[in-house]
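Undergrad: Chain residues, written in single-letter form:
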Amino acid sequence: MRKLMTTVCIMIIATGMIFAGGTGESKSGTAETVTLRWLMQVSSAEEARQWRELAAGVTERYPDILVELSTTDWNGYWTKLPSELAGGNPPDILYMQSMRAKDYLEAGFLPLSQYVADDPDINIADFYSGILEGLSIGEELYCLPYDFGPYVMFYNQDLFDLYGLPYPDTIETTEDFEKLCSQFADHGTYGTVVPTVMDKLYTYFLGSGASLFAADGTVKVNDSRKIETIEYLQGLIDQGYAPRISDTGNNNWDREQFYAGNVATYLDGPWNLTNIKEKSSFAVGVTMVPPGNLYQRSQVAGSGFGISKDTDYPGEAYLAIKELTSKNSLSKLAGWGRALPARSSVRDVFYELHADVNGLHDAVEKSITTDIGVPFITPIRWQQVTNTISQNLEAIFIGNVSARKGLDNAQKIIDGILGQ
Amino acid sequence: MQLGKNQRNMLTAVGFLSPNIIGFMLFTAIPVVQSLIISLYDWPTFGERKFIGLQNYIDLFTKDPLFPKVMGNTSIYVFCYVALNIVLALAMALWLTNIQRGEKLYRSVFFLPQVTPIVATGMIWKWLFLPKYGIINNFLGIFGVPDINWLGTTGTAMSAIIIMSVWQGFGYNMIIFIAGLYAIPESQIEAARIDGAGKWQVFIKIKFPLISPSIFFAIVMTVISSFQVFDQTMIMTAGGPANATNTLVLYLYNNAFTYLKMGYAAAMAWVLFAIIMIFTLLQMRLQKDFVTYE
Chain A
180 MRKLMTTVCI MIIATGMIFA GGTGESKSGT AETVTLRWLM QVSSAEEARQ WRELAAGVTE
240 RYPDILVELS TTDWNGYWTK LPSELAGGNP PDILYMQSMR AKDYLEAGFL PLSQYVADDP
300 DINIADFYSG ILEGLSIGEE LYCLPYDFGP YVMFYNQDLF DLYGLPYPDT IETTEDFEKL
360 CSQFADHGTY GTVVPTVMDK LYTYFLGSGA SLFAADGTVK VNDSRKIETI EYLQGLIDQG
420 YAPRISDTGN NNWDREQFYA GNVATYLDGP WNLTNIKEKS SFAVGVTMVP PGNLYQRSQV
480 AGSGFGISKD TDYPGEAYLA IKELTSKNSL SKLAGWGRAL PARSSVRDVF YELHADVNGL
540 HDAVEKSITT DIGVPFITPI RWQQVTNTIS QNLEAIFIGN VSARKGLDNA QKIIDGILGQ
Chain B
61 MQLGKNQRNM LTAVGFLSPN IIGFMLFTAI PVVQSLIISL YDWPTFGERK FIGLQNYIDL
121 FTKDPLFPKV MGNTSIYVFC YVALNIVLAL AMALWLTNIQ RGEKLYRSVF FLPQVTPIVA
181 TGMIWKWLFL PKYGIINNFL GIFGVPDINW LGTTGTAMSA IIIMSVWQGF GYNMIIFIAG
241 LYAIPESQIE AARIDGAGKW QVFIKIKFPL ISPSIFFAIV MTVISSFQVF DQTMIMTAGG
301 PANATNTLVL YLYNNAFTYL KMGYAAAMAW VLFAIIMIFT LLQMRLQKDF VTYE
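From first to last, the protein sequence lines are chains A and B.
Per the numbering used here, the first sequence runs over residues 180 to 599.
Per the numbering used here, the second sequence runs over residues 61 to 354.
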């Protein structure tokens with residue numbers, strides 16, 4: 180009987196191991212056609228349809244390549260991608276955002292520099308250099324970008340009209356911006372909203388001459404310039420120029436305040452313009468982010484497509500992402516309002532689509548000039564670092580701790596995370 | 061080869077049990093053993109893995125500045141949630157077994173949150189707790205209470221989560237207590253009343269001892285589930301503000317799926333397992349003094 184039980188257990192475990200290991204044959208391909216799997220994050224069914232159209236465009240261009248798109252939402256993507264990479268059988272084509280790139284590129288993505296160097300057809304100079312930099316590790320490029328954007332300031336045009344205030348195109352100093360906010364406060368409205376996510380706050384740091392990295396390469400958040408910057412933002416909340424955060428679990432809290440018409444201005448990237456227009460019941464204008472006390476700066480971020488290190492079809496996958504980021508594809512994306520194209524040659528399509536948005540062209544084009552636009556290059560373990568900063572900024576902006584104490588606490592944890 | 065009767069019976073039993081055994085092996089036993097192995101490694105979600113022995117456990121207790129905070133938050137949640145849940149569930153069960161009309165309706169209504177998706181109820185409670193427009197603040201405003209930023213203030217965020225959780229979870233224990241109360245022989249209660257016992261004495265001397273096994277079961281299960289609180293904190297606050305509602309499983313989830321540190325998260329899971337096991341054993345030991353099996 181013991182033998183029988185042992186045999187049954189061994190069979191069960193063996194079956195389990197076979198299932199756990201997978202078949203290893205999920206990539207399908209025949210002599211004629213190669214099928215590539217593409218994992219992408221989307222926020223709506225319409226968006227998924229648009230990406231499918233681009234996938235069909237790959238087959239049109241290369242009849243031997245079939246691209247199968249699978250989609251998930253934003254949060255789901257960042258759970259699914261690591262699981263797929265860990266499973267050793269990830270999709271061939273992967274989406275990547277520049278701000279998360281450091282944690283993924285070297286470990287899970289195929290280097291593309293050699294492919295690009297050997298390809299006479301691709302005009303790499305057509306892509307915005309800052310976003311190429313964001314999707315590289317050192318000199319090695321890992322993704323071809325499809326969109327990018329500097330952070331800009333969106334404003335509720337109707338609210339400015341209602342109170343007879345000039346649009347915020349002429350703000351030159353932090354005092355100008357505070358004065359504008361005070362004018363809204365006089366009318367019982369918030370002039371702006373202070374984000375707690377570092378992706379957006381970094382603009383303020385850059386404006387005060389602070390960088391994410393100290394001279395020795397370590398991540399530093401508690402130097403005097405950053406403390407002063409956070410004290411300035413804390414002041415905006417304390418003076419009633421910006422609402423106090425009430426929904427810490429929601430990264431889009433500031434955007435939702437804007438949609439609801441509760442605040443006159445807020446920072447975001449042009450990649451959200453279509454959503455902003457759809458969800459706001461007022462006219463939207465765009466201008467550059469308010470200058471800091473030293474500089475006018477804006478960080479530039481974006482996204483692209485890379486190839487899984489484990490793909491069986493690297494050559495075909497390269498052709499596919501080349502087509503997905505071609506002029507033709509990016510024109511379509513811009514025409515749908517899905518992206519500010521990473522290629523300068525088709526950027527006008529985006530501006531034409533949003534010709535009704537006051538100030539868009541100038542704000543974006545000025546913000547990406549080399550003296551204003553700063554590629555947002557993040558360190559490894561950025562998610563843990565940025566979560567740590569956000570949690571401590573919440574404590575500061577709520578009024579629980581001073582800016583110095585909150586940032587000191589964040590620094591202590593970051594030092595542990597990065598082992599610096 | 062001719063199998064004996066016992067062997068045939070055993071084979072039949074294994075045959076019938078095998079679907080369950082396979083499921084248990086695949087989805088419980090093997091992952092549990094795997095997680096123990098993973099906890100001994102520096103195991104990034106992808107990339108190179110390195111055996112580091114007990115280092116993850118050592119780091120957790122000596123180096124991680126957030127772990128004590130997370131443990132503190134979880135303890136506060138468990139203590140308050142279990143106490144409020146049991147008291148409220150018992151009170152409602154006593155009330156419902158004494159009313160003349162509408163018992164079934166109320167029972168269904170109170171149990172409803174238990175079967176409603178917590179993501180939906182979490183979102184609704186977020187709106188209820190809103191500072192300016194939330195119905196809770198509007199109601200309190202009638203009595204002159206100033207606006208409270210429930211989920212945005214470190215002092216009130218955990219209370220808000222506990223209130224929502226109790227509302228969501230007490231219905232299950234209430235049903236257990238109602239079943240326990242109905243199982244009490246009417247003759248014993250009548251005998252006590254004839255002897256001159258009042259309502260309170262009937263409850264303390266008759267009902268409470270007789271439903272003590274149900275209460276014990278409810279406490280054990282509620283303690284176990286409350287140590288694993290995740291959904292509410294994930295949906296309503298994401299652990300904020302300033303980590304005031306960051307609980308053990310949420311922190312574990314973030315380490316595994318946001319920070320990609322599988323080994324560290326697995327060590328955390330085993331610490332959680334040990335804590336739950338200790339608490340359960342402690343309760344088992346204490347039941348001898350407090351639970352009446354008659």
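These are calculated hints, taken from the structure and not from any lab test.
Note that the Cβ used here is the ideal one computed from N, Cα and C, for glycine as well.
You may find that some hints are simply not true.
Here are a few chain B residues that sit away from chain A, every Cβ distance over 10 Å (derived from the structure) [to be verified]: (1) Phe121; (2) Asp124; (3) Leu190; (4) Ala217; (5) Ile236; (6) Ala243; (7) Glu246; (8) Asn306; (9) Thr318; (10) Lys348.
In silico DSS-like links for lysine-lysine, alpha-carbon gap of 25 Å or less [claimed, not checked]: (11) A:Lys399 with A:Lys281; (12) A:Lys591 with A:Lys259; (13) B:Lys110 with A:Lys488; (14) B:Lys129 with A:Lys259; (15) A:Lys591 with B:Lys192; (16) A:Lys591 with B:Lys65; (17) A:Lys488 with A:Lys358; (18) B:Lys192 with A:Lys584; (19) A:Lys358 with A:Lys379; (20) A:Lys458 with B:Lys129; (21) A:Lys358 with A:Lys591; (22) A:Lys399 with B:Lys110; (23) A:Lys456 with A:Lys399; (24) A:Lys511 with A:Lys458; (25) A:Lys281 with A:Lys591; (26) B:Lys192 with A:Lys281; (27) A:Lys584 with B:Lys110; (28) A:Lys399 with B:Lys192.
Undergrad: Look at each hint and say if it fits the structure.
TA: For each hint, the structure was consulted:
1. Phe121: holds, 14 Å
2. Asp124: Since the minimum Cβ distance to chain A is about 7 Å, B:Asp124 lies within 10 Å and the statement is violated.
3. Leu190: Incorrect as stated: the minimum Cβ-Cβ distance to chain A is 6 Å, not above 10 Å.
4. Ala217: The assertion about B:Ala217 is violated, with a minimum of 8 Å to chain A.
5. Ile236: Non-interface label on B:Ile236 holds, nearest chain A Cβ at 31 Å vs cutoff 10 Å.
6. Ala243: B:Ala243 is indeed farther than 10 Å from all Cβ atoms of chain A, at 39 Å.
7. Glu246: At roughly 49 Å from the nearest Cβ of chain A, B:Glu246 sits farther out than 10 Å, so the non-interface label holds.
8. Asn306: Incorrect as stated: the minimum Cβ-Cβ distance to chain A is 8 Å, not above 10 Å.
9. Thr318: Violated, since 5 Å does not exceed 10 Å.
10. Lys348: holds, 35 Å
11. A:Lys399 with A:Lys281: holds, 18 Å
12. A:Lys591 with A:Lys259: violated, 30 Å
13. B:Lys110 with A:Lys488: Between B:Lys110 and A:Lys488 the Cα gap is close to 21 Å, so the pair holds against 25 Å.
14. B:Lys129 with A:Lys259: violated, 29 Å
15. A:Lys591 with B:Lys192: Outside the cut-off at roughly 35 Å; violated.
16. A:Lys591 with B:Lys65: violated, 69 Å
17. A:Lys488 with A:Lys358: violated, 52 Å
18. B:Lys192 with A:Lys584: Between B:Lys192 and A:Lys584 the Cα gap is close to 29 Å, so the pair fails against 25 Å, i.e. violated.
19. A:Lys358 with A:Lys379: holds, 22 Å
20. A:Lys458 with B:Lys129: violated, 39 Å
21. A:Lys358 with A:Lys591: Violated, because 36 Å separates the two Cα atoms, which is more than 25 Å.
22. A:Lys399 with B:Lys110: violated, 29 Å
23. A:Lys456 with A:Lys399: violated, 37 Å
24. A:Lys511 with A:Lys458: holds, 22 Å
25. A:Lys281 with A:Lys591: holds, 22 Å
26. B:Lys192 with A:Lys281: violated, 40 Å
27. A:Lys584 with B:Lys110: Violated, at roughly 36 Å.
28. A:Lys399 with B:Lys192: Judged against 25 Å, a Cα distance of about 36 Å means the pair is violated.
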